[in-house]
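Engineer: Build the full structure now, drawing on both the sequences and the hints.
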Amino acid sequence: MNQTTMKALEFHKIKSMLVSFTVSEAGKALAERLEPSSHFKQVTAWLNETEEAAALLATGASVPLSAMEGIGPFMALLGKGKIYTEQELGQLAAWLTAVSQMKRYMDSKRATAPTISGYADSMQDCPELVKELARCIRHGVLTDQASPELADIRRHIAAAEDRIERKINQLLGKYKNALQEQLVSRRNGRFVIPVKRDLRKQVPGTVWDESASGQTLFVEPADVSDLQGELQLWKSEEDRERMQILSRLSDEAETYGAEFRWNVEAMALFDFIFARGKLGRTYRGSAPTVTDRPFVRLNGARHPLLGEKAVPLTVEIGGDWRQLIITGPNTGGKTVALKTIGLFALMCQSGLLLPAEKGTELGLFETVLADVGDGQSIEQSLSTFSAHMESLSGMLRKANGRSLLLLDELAAGTDPGEGIALSIAVLEELLKRGSLVAATTHFNEIKRFAAVMNGCTNARMAFDAETLKPIYRLEIGEAGDSYAFAIARRFGLPESVVERAEQRVRQTAAAPAAGEGRFEPIIDKQASEITTTVAERKIKQAKNTANSESSPSTSIAPSPSPEVAAQTDSKKRPFEVGDCVWIYPLKRTGIVYSAADERGDVVVQVQKTKMSFNRKRLSLYIPHTELYPGGGYDMDIVFESKENRKKRKLMGRKYAPGITIVTPPEEK
Numbered sequence: 001m002n003q004t005t006m007k008a009l010e011f012h013k014i015k016s017m018l019v020s021f022t023v024s025e026a027g028k029a030l031a032e033r034l035e036p037s038s039h040f041k042q043v044t045a046w047l048n049e050t051e052e053a054a055a056l057l058a059t060g061a062s063v064p065l066s067a068m069e070g071i072g073p074f075m076a077l078l079g080k081g082k083i084y085t086e087q088e089l090g091q092l093a094a095w096l097t098a099v100s101q102m103k104r105y106m107d108s109k110r111a112t113a114p115t116i117s118g119y120a121d122s123m124q125d126c127p128e129l130v131k132e133l134a135r136c137i138r139h140g141v142l143t144d145q146a147s148p149e150l151a152d153i154r155r156h157i158a159a160a161e162d163r164i165e166r167k168i169n170q171l172l173g174k175y176k177n178a179l180q181e182q183l184v185s186r187r188n189g190r191f192v193i194p195v196k197r198d199l200r201k202q203v204p205g206t207v208w209d210e211s212a213s214g215q216t217l218f219v220e221p222a223d224v225s226d227l228q229g230e231l232q233l234w235k236s237e238e239d240r241e242r243m244q245i246l247s248r249l250s251d252e253a254e255t256y257g258a259e260f261r262w263n264v265e266a267m268a269l270f271d272f273i274f275a276r277g278k279l280g281r282t283y284r285g286s287a288p289t290v291t292d293r294p295f296v297r298l299n300g301a302r303h304p305l306l307g308e309k310a311v312p313l314t315v316e317i318g319g320d321w322r323q324l325i326i327t328g329p330n331t332g333g334k335t336v337a338l339k340t341i342g343l344f345a346l347m348c349q350s351g352l353l354l355p356a357e358k359g360t361e362l363g364l365f366e367t368v369l370a371d372v373g374d375g376q377s378i379e380q381s382l383s384t385f386s387a388h389m390e391s392l393s394g395m396l397r398k399a400n401g402r403s404l405l406l407l408d409e410l411a412a413g414t415d416p417g418e419g420i421a422l423s424i425a426v427l428e429e430l431l432k433r434g435s436l437v438a439a440t441t442h443f444n445e446i447k448r449f450a451a452v453m454n455g456c457t458n459a460r461m462a463f464d465a466e467t468l469k470p471i472y473r474l475e476i477g478e479a480g481d482s483y484a485f486a487i488a489r490r491f492g493l494p495e496s497v498v499e500r501a502e503q504r505v506r507q508t509a510a511a512p513a514a515g516e517g518r519f520e521p522i523i524d525k526q527a528s529e530i531t532t533t534v535a536e537r538k539i540k541q542a543k544n545t546a547n548s549e550s551s552p553s554t555s556i557a558p559s560p561s562p563e564v565a566a567q568t569d570s571k572k573r574p575f576e577v578g579d580c581v582w583i584y585p586l587k588r589t590g591i592v593y594s595a596a597d598e599r600g601d602v603v604v605q606v607q608k609t610k611m612s613f614n615r616k617r618l619s620l621y622i623p624h625t626e627l628y629p630g631g632g633y634d635m636d637i638v639f640e641s642k643e644n645r646k647k648r649k650l651m652g653r654k655y656a657p658g659i660t661i662v663t664p665p666e667e668k
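In full-length UniProt numbering, the protein residues as written are 1 to 668.
I should point out that these hints are in silico values taken from the structure, not numbers from a laboratory.
Worth double-checking, as some hints may not be accurate.
Said to hold, decoys possible - In silico SDA-like pairs for lysine to any residue, Cα to Cα no more than 25 Å straight-line:
id : residue 1 : residue 2
1  : 587       : 643
2  : 28        : 61
3  : 196       : 223
Structural biologist: What follows is the structure, given as structure tokens:
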């Protein structure tokens, strides 16, 4: 899966939560390496494991998982002839005891968890080795039972130490005036007494240490030197026997190398599986139904990172529609809805339980691709639009019929008209490839595309217009409004600013500042060119007149003549066929091909293309009475090609077999 997508959808945070539930380094490593799979058998097996683990945890029983402390280094040195210490062999014995406990526990749970209980069959508790280690080592020290020789040596050591202590206690009285205190201690394994530095010569012997102040010397009296020598000999014998015992135990442990590896793998796997179960229980997760076709149905899905604040999401893609265009206000939950869809797909394909209700069903995707966030990068000199284009380019290289794409804020960051056109073209291409798409937008043109295009549908995030607060509920089948003014008021924008913005919208009846306009699917791709007629000359004359009479201005759109402005302001005159109109989304002029229908949509011809715009996105530029004075002008000259006009003229005079005029139907 794409790492950028997994980061954008915050899958790494889910993995971090999963890692926190492991108890061993080996289990942690498995959790950190977890990647979504697109293989049906693998995913269903993972989900079954996780379900069984969660069911066992729900019973309240404590699972005897092992942290396997010290086993990693032990396994790394296995087979290399190392002689292990008492501590290392003691950790091995403790781990094998934990293996035995885990094996017995899983054997007792076969009715509840038949699949994962079977994994314990490979575990080997090595009872003979455990028994021998327990006999020879206790609390990290070799016991006297480790060998008869060791027991005998330790008896001689104890006797030698006893003789030294009795002798040195006698010397305390002999040298009491030279001592700092009546005390016997050990330095470097030697029995010593504390002698005053200035009286050192009164106590013959060897100095083994001194105090921090230097006023006290720790001296081994010469009277016990022979006894100390005897003790050191027995100590050396003990070390020799100790190494022989540890070597024997290490050799015996080496013979169980294969069993140890099986146990490590099984214990790590159990740790990983139960971590998945623990994670699922934190958000009351359940296993979705998995299908091998590209499909998404989330029922009451709650984003796992939002906790109790999450509002359940119900959504479907891949049934009656393959593209879902989500609309609604900012802060309304559109991006969270996208992330929930994508994150649930990744979690499902990773064998994790989902915080959703029964009826949730997910297909398996070869690729999940997300373009979420503005993607700006100062280091890489990427603007918002450049980042979106780079992301979309990569998506289109990978997208196919088994892809899920999540596109946030279509058409953002560039000229609205061009951005809308690019967005619709991308959606059309993805529809052709059969990819599943969930996208968010504020633009009415993209909403319109979703409303009329087969395989697409609109959805909106519910918004309470009275309280000016989002409801965070997704409603499929209807496009939503952006509620820009309501949200601006909610966040404290000055009322005078908001009212002025509303007044501008009412006055112009044009596209909002964000560039809202309707860029409809092409109605007639074979439309004829607009020939050089009086229309073009009139437009040119109008521009020259406007430029010469107007004062310097920063206005983007050209100003219509005073007569036209009066007509526009009155909002009474409907557009008529032949009118030259200014198209706000395209920032250019076009000729009205057909008047507004009952929805207010006007078909306009721009060069070779006929497009449909809502009348609110248009303003009268030059009326047809000025473009074509005198009345009775043949509009076919404007709207039809020269070839079609010849055919029509010929067909009007006589029967012309084999000659046809094809007029494509208007697309709505």
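Engineer: Decide, hint by hint, whether the structure agrees.
Structural biologist: Here is how each hint holds up against the structure:
| no. | hint | result |
| --- | --- | --- |
| 1 | 587 x 643 | 30 Å, violated |
| 2 | 28 x 61 | 22 Å, holds |
| 3 | 196 x 223 | 18 Å, holds |
Of the hints listed earlier, the one the structure fails to meet is number 1.
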